[in-house]
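Trainee: Based on the sequences and whatever the hints tell you, model everything.
Just so we're aligned, residue 1 is where the sequence shown starts under the UniProt record's numbering, counting upward by one.
It is possible that some hints are incorrect.
[Said to hold, decoys possible] In silico DSSO-like cross-links for lysine-lysine, where the CA-CA straight-line distance does not exceed 27 Å:
id : residue 1 : residue 2
1  : Lys95     : Lys132
2  : Lys64     : Lys31
3  : Lys132    : Lys31
4  : Lys95     : Lys64
To be clear, the hints were calculated from the coordinates, so they are not data collected in a lab. These figures come from a predicted structure and were not determined experimentally.
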Amino acid sequence: KDPVHGEHVNSKEATHHIGVQLPIGRENDTKVLVEMLSSNDFCCKTEKGGASIISIVGKGGIGKMTLANMVFNEVEQQFVERRWWVCLSERPNHKDLVRQILREVCKSYGENTDCSLTDLCTQLLNELSKEKILLVLEDVWEIKWWEEEIGEH
Numbered sequence: 001k002d003p004v005h006g007e008h009v010n011s012k013e014a015t016h017h018i019g020v021q022l023p024i025g026r027e028n029d030t031k032v033l034v035e036m037l038s039s040n041d042f043c044c045k046t047e048k049g050g051a052s053i054i055s056i057v058g059k060g061g062i063g064k065m066t067l068a069n070m071v072f073n074e075v076e077q078q079f080v081e082r083r084w085w086v087c088l089s090e091r092p093n094h095k096d097l098v099r100q101i102l103r104e105v106c107k108s109y110g111e112n113t114d115c116s117l118t119d120l121c122t123q124l125l126n127e128l129s130k131e132k133i134l135l136v137l138e139d140v141w142e143i144k145w146w147e148e149e150i151g152e153h
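Mentor: Encoded structure:
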């Protein structure tokens with residue numbers, strides 16, 4: 001029974017909230033990342049013309065995704081509808097990954113199966129360069145190919 005109202009509580013619904021606490025010790029990390037995202041100096045194009053990237057790296061289970069989620073929620077009003085969260089497989093097919101991101105960020109994206117990876121990256125960069133955005137890529141294991149492909153443009 002619910003101790004306040006004397007009603008039965010659905011155990012499936014109740015367990016969803018058991019043990020949910022705000023992470024301890026992440027306030028400063030969150031603040032630093034939010035400030036970086038808010039800075040016009042940081043969120044500009046890089047020397048090669050690509051997008052600025054903030055990486056959260058570390059061993060499994062230390063709270064990288066939790067930190068990213070805290071920042072993602074904190075900047076909701078700043079980015080409004082220009083923020084996306086894309087979950088990746090451990091070793092994604094590069095073309096499929098860029099298509100997945102395009103589907104998220106570009107409402108008018110039409111599936112063109114004949115496009116090369118370079119064409120898809122160019123299309124993605126055109127979309128991303130329109131205005132400041134936040135794109136979280138969850139579970140990125142390899143970034144070198146991305147830097148090389150995007151860096152060419």
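Trainee: If a hint holds in the structure, say so; if it doesn't, say that too.
Mentor: Hints, verified against the model:
1. The suggested pairing of Lys95 with Lys132 holds, with an alpha-carbon distance near 24 Å, which does not exceed 27 Å.
2. With a C-alpha separation of about 15 Å, the suggested pair Lys64 and Lys31 falls inside the 27 Å cut-off, and the hint holds.
3. In summary, the hint linking Lys132 to Lys31 is supported, as the alpha carbons are separated by about 19 Å, within the 27 Å threshold.
4. Simply put, Lys95 and Lys64 have alpha-carbon atoms about 26 Å apart, close enough for the 27 Å limit, and the pair holds.
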